[in-house]
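Asker: Protein chains in written order, with the numbering used here: chain C, 1 to 229; chain P, 1001 to 1555; chain S, 2001 to 2332.
Just so you know, these hints were derived from the structure itself, not from any lab.
Among the clues, some could well be false.
[Said to hold, decoys possible] Keeping only pairs whose Cα atoms sit at most 25 Å apart, straight-line, the calculated SDA-like set for lysine to any residue is:
#1 1484(P) / 1355(P)
#2 2086(S) / 1355(P)
#3 2235(S) / 143(C)
#4 2235(S) / 21(C)
#5 2061(S) / 1198(P)
#6 2086(S) / 1077(P)
#7 125(C) / 2234(S)
#8 111(C) / 2216(S)
#9 2127(S) / 119(C)
#10 2094(S) / 1305(P)
#11 2086(S) / 1427(P)
#12 2086(S) / 1219(P)
#13 2086(S) / 1206(P)
#14 2235(S) / 23(C)
#15 111(C) / 2240(S)
#16 2235(S) / 102(C)
#17 1198(P) / 1154(P)
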Amino acid sequence: MSCGINALSVRDLSIMYGNAANPVVDGLCFDIVRSETLGLFGKSGCGKSSVALAVMRMLDAVGGTATGEIIYEERELLSLPENEMHKIRWREIAMVPQSSMNALNPVYTIKKTMFETIRAHEGRKTPTKELQERCEELLDLAQLDRRVLSSYPHELSGGMRQRISIALALALAPELLILDEATTGLDVTVEADILHTIRQIKEKRHLSLIFITHDLRLQNSFCDRRIEL
Amino acid sequence: MKPLKLSKRLCTLLAVALIAGLFASCASPGAAPSPASPAQPPAPAAPDQNQTPDRLDTLTVAITYDENTITPVTYVRGTPGLDVMRFIYDSLFTISPDNVAVPWMVEDDYAVGADMQTFAVTLRDGLYWHDGTPVTADDVAFTFDYFKNVFTAYTRWTNIARQVESIDVNGRELVFNLENPNPGFIRVVLADMPIVSKAQYEGVEDPTELPSLGSGAYRLAEYRVGEFYTLEAMDDYFRGTPSVKIIRMPIMDVSAAQQAMLAGQLAGYTGGVSVELIDIFSGSPDIELVSSDGYASTLLLMSNVRPPFDDADFRRAISLALDLDQLVDIITLGNATKGTAGYVRDGLDEHVTGLDYTYDQNAANTLLDSLGYANKDADGMRLGLDGSPMELEILTSGTRARDAELISMQLESVGLRIRVTTLDPDALDMRVWPDFDTSQPHDYQMAMFGWSAPVVQRNGAIIGVCSSDYAGVGGLNLSHYDSKEFDAAAEAFLASVDPAERAMLNEQMQRTAAGDFPFVTLYFADNINAVNTQQYSGWVFPKGGLAVNVFSFLP
Amino acid sequence: MTGALRRLPHYLILIAAMVALNFFLPRMMPGSPATRLASDSGYAVTAEEREQILGFYNLDKPMGEQFAMFLEDLVTLDWGRSFSKKQPIFDLIKAALPWTLLLAVCNIAIASVIGTFLGALSAFMRKRGRDKPLVIGMMALSAMPAFWIGMMLLSVFGVRLGWFPLFGAYSMWGDYTGMAYVADVLRHLAMPLATSVLASLAAFFTTARYGVLNTMEHDYIRMARMRGVPDARVKTFYIMRNGFIPVFVVLMTQMGFILSGSLVIEKIFTYPGLGLLLADAVVARDYPLMQYAFLMTSIMVAITMFLADVLHYKLDPALGSDGGSEKHGGHR
C-alpha cells in the first residue's frame, strides 16, 4: 500500500482559531519521508500542536479550522468524510500527547482503556486472550511492567503514564506517529529513557515520526531533519 | 443568531405560561359565584352514604389534635379533647346547647339546700358502662373521692372534687355536702366532673394507662396514635340511639381539615373557620357556615404595676383611644361582639348593661395632656413625665399580631408610640404569666391575651381576673390589679348564698373594675362552624361551642 | 472499601456530638412543659403542683444528672413516655419512622436520577444554546419553597381535581391488604413525594450540570475521541461517569435537607412520619419526644452520609489514595 517515498505531505496548511483574522499557522508546507524522524520546532505557542491536531483532524474539538492539504497515502485528509477519517485516525496515524497526567480515564484500569481502544476499531470479535497478549506485548514495548494493566492512572507516575500513552498509540500498529512534546515536563533521566524506548520502537516497527518540541538540543540529537515554524 | 432568538422567545412564553397557570390555580375556588359550580370533583374519599331513613352508617369528622386515649386523665386540651371526651364520658349534669346546666345522668327532680351547701340528686336507671355493667351511685361517689384523694395530678378534676366534703349514698340517691356554700356548684362541679368506673379505677395509682371506659353515647372503638380515632355508637344509650353509627375522626391540623372539607372528604372538624376563609367556604354548595356566639375573649392586658400603666387614668386614656368597632371590622370582619368594661359578655347571665367602653380620641388627648404628657417630640409623640421619650411595648404572638398592630396605630393617633414585639406563644406566656403563677412578678407593659370560653363563662368570672388574691381566687389576674373596694365585694360575693345579694355584689364588682380599667376587653369572636350539610344534617350549634359536640348526634 | 471504613470514627464522634446537642438544645428553649403536664391549658397550676409534676418527670434535677439518666435510657431503649402524647416514645417513633424513610428514600432515588440526568442533558445541549429553557426552568423551580409547592399541589390535585387523597399515609378505614394496600399507600405517597422531589431536583441538576461541564474540558475526553472511542460511550463512561462524582457530595448534604424538610411536607399533607411527630413535639415543648425524634433524624442523616461516602469511595478510585502507594488489584 505504500507508494512513493513520502509518508505524509503537507501543502499550504493554514490554521485559524475562532474568528481571528490572524492564522496561527500560515501556508505551511513540508514532507515526511518514510521511516524518518522529522522534527517540528518552534517557540511555545507558535502552532506546533495545532499542526498535530490538524493532521489528526481533531481541530474542531479545540475550536480551530484548517485550510490547505494534508496528503496521506494519496488521500487528502482535510476533506475526507468522518467515517473514512475514523479508519485512518489511530490505525494509521496516532499521537502521543504532551502531558499524559490527565490523558486517561481516571475510573478505568489501564487494561480497560487499552482493551477499549482496540475494540473500538476491531469490534468485539477479537478474543480476550488475544487482547491480553497484545496488550502485554505493547507494555513490553513501552518498557512497563505487565502488572500495570490492573492499575488506575492515579497510581502511576507521570513517566509511566506517558509510556502508557505510547503503548496506546502503538496499539493498532500505525505507520505514522506524532509525538507532541511527548517528553516535556518529565525528569531528564526519565526523558532519556523514554526517548531511547521510542527509538527502539521506531526501529522495530519501521515507523515514521513527527517529533514536536521546543527544545533545540533534543531536536538535534533525536531528529533526522527539522522544520521550523 | 436565529436559533438563539427562538429559544429566548420560547423561554418568555414558558415563563408567561407558568405565571399564568399559577394565577389561575390561585384564583380561589369560591371566587366563581355561580351556583352551578364547575366540575364538581368525583370526591374519591367521600364517606359512606349508606343513609337509611333514620340513621347514618358512618361520618368522617376530623379532630384537630391528638388527644391520646381521650379519657378524663389523658386528654390534652379543652378543645377538642374535652369536647370529644364528652362523647365517651358522661357527667351528672351537662351544659345544654343553650349554655344552661341541665340534669343528665340524674333525674330531673333534684334538690338544692337553702344554704347552698347540700345538693341531693337521684341517679337514673338504664345507665351502662361500655362493657355492659351498670353505672351505680358507688361509681359517682368513688369518682369524687378518687380525684380528691388518690389521683391529684389532673388539677381540673381535683379542684372541683375538693369542693365536696362528703357524699351520702343511699341506693340511687346521692347527697353532696360541700365544704363551703357554692350556688354555682351544679354548673361548675356536677356538670363538669366526668364519672369513671370504680371497678376500673379502684386501687390504680397511675390511671393514665387505663383503657377508655365510659358511659357516654359513644365508645372509643379504635385509636391509632397520631392518625385517627373511631367512635362507635352505643345503641342502648339512655338518651336515645345516636344518629350516626360510626364516627371516624382522622387527626389533622386545622388547615388540612379545611382543605379536606373543601374537597368533600370531611363532614366537619373540631375547629372554627377563620374569617378570611368565609368566602371560600361559602362558595362550596354542600358546606354551610353557621355562626354562633363565641365566649372566648381577646383582650389587651396592661400591667397595673408598671408605669405609666400603674395610673388608672392613663389606662382610661388608652381605653378612650381604642376604636373597638374598627378592630371588630378589620380583624373579625364583623364576626364578633364588642367587649365591655364590665368584663362579662353580653349574653351571659351576669352581664351588667351600661358599662360599655367609650371611644373618644379627643377626650383621650385631653386626659393625657392633663396627666402631664402634653409635651411632644418632633414626630408628635408624647414624652414621658420627666421629658424623655416613652418606651412603650406591646407583646403579641401569632395572629394576634394584627390586633397589636392596629392598636398601636390607634394609639399613635393620640401621640403614643407603641413598639409591637411578636413572640411565640410559650415565650409570651413566660413574660406575661411566668410559670403560670400569678403571684410572680411579670415582665410586660401591654400584651395581647385571651381567655377561653370556659374561663369566661364561669359564675363570678370577674373575680378570677380582678381579685388581688393572686395565689387563690385571683389566679387569673395577670394585670395585678389591686383594689380594696373590689376585693371586699368579691369576698362578700363568695361568702353569700343569696342570689339577689350575689347579683348586687356582682354588679358592684363590675362597676368598680369598669372604673379602673385594669385591662381592655376588646371583643368576643364568634364561633364560625363549617359543616357539610349534604353529608349530615343533624348538626347542633351550641352557644359558645362548636358543631362537633355530642348533641349533634343525639335525637 | 477500607478508605470509607477509615471514616467511620468520624461518624461515631459525630453521633456522640448529636446525642449531646439533642439533649441540651431543646432545654435551652424558653417555655416549660409544666402546663401541659398538669392539665389542659387555661387552668392555673399552683406552685406546689408544678413542683410535684416537674419532680415526677425528673425535670427538677440538675442538668448533668438528667443527661446521665438520658444516656442510660437511650442505650437500654427505655425511652419513657411522651409528655404531650402520653404514649411510649419508642412506639411513637417506631410507627412514624418507616413513613419518613419511605418518603426520603423514594425522594432521593427519584430526584437524584432525574435531576442528574437533566443536568447532564443540559450540559450536553449547552453548545447549541438549547439548554436555556431547561436551566431557566430549574432556576424557577429552585426559587419555589417546598411548602408552597406542596400547598399548590394539594390545592390543585387534591382539592380541585380530587385525584389524590389529602391526608394520611393510607386509607385509615380502608382495610386493604396485599397489592391493594400497596396501591393505596402509593396514592397517598404521590403528592408528598412529588413535592419533595420537585424541591430537591435543583441541587442535583446544578451539580450534575457543572460536574459534566467541567469534565468535558478534560484532556482524556479529547484523547478518547481521538483514539476512536464512539461518542455514546464517551458520553456515558467518560463524561457522565466522571462528571457525576461531585453529585455524591451533594447527595450527602441533600439528605440532611430532605430529612429535615420532610417536617414541612408532612405537616401539609398530614403524613404521619417523624417530621409531623417532631412538629407536634416542638409546639408542646415535649422535651423527651423532641430529643428522640431529633436524634433519630440526625442518626439517619449520619447513616446516609456514611453510605454516600462509601459509594463515593467505590466510584472514585482516586479518592483517598496517597499517591499510588496502595497495592494493585482488589479494586474491582
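Asker: All the hints need checking, so say for each whether the structure fits it.
Answerer: Results of checking the hints against the structure:
{"no.": "1", "hint": "1484(P) / 1355(P)", "result": "holds (20 Å)"}
{"no.": "2", "hint": "2086(S) / 1355(P)", "result": "violated (45 Å)"}
{"no.": "3", "hint": "2235(S) / 143(C)", "result": "violated (32 Å)"}
{"no.": "4", "hint": "2235(S) / 21(C)", "result": "violated (33 Å)"}
{"no.": "5", "hint": "2061(S) / 1198(P)", "result": "violated (36 Å)"}
{"no.": "6", "hint": "2086(S) / 1077(P)", "result": "holds (13 Å)"}
{"no.": "7", "hint": "125(C) / 2234(S)", "result": "holds (21 Å)"}
{"no.": "8", "hint": "111(C) / 2216(S)", "result": "holds (23 Å)"}
{"no.": "9", "hint": "2127(S) / 119(C)", "result": "violated (29 Å)"}
{"no.": "10", "hint": "2094(S) / 1305(P)", "result": "violated (51 Å)"}
{"no.": "11", "hint": "2086(S) / 1427(P)", "result": "holds (24 Å)"}
{"no.": "12", "hint": "2086(S) / 1219(P)", "result": "holds (20 Å)"}
{"no.": "13", "hint": "2086(S) / 1206(P)", "result": "holds (12 Å)"}
{"no.": "14", "hint": "2235(S) / 23(C)", "result": "violated (32 Å)"}
{"no.": "15", "hint": "111(C) / 2240(S)", "result": "holds (20 Å)"}
{"no.": "16", "hint": "2235(S) / 102(C)", "result": "holds (17 Å)"}
{"no.": "17", "hint": "1198(P) / 1154(P)", "result": "holds (18 Å)"}
In summary, the structure is inconsistent with hints 2, 3, 4, 5, 9, 10 and 14 from the numbered list given earlier, while agreeing with the others.
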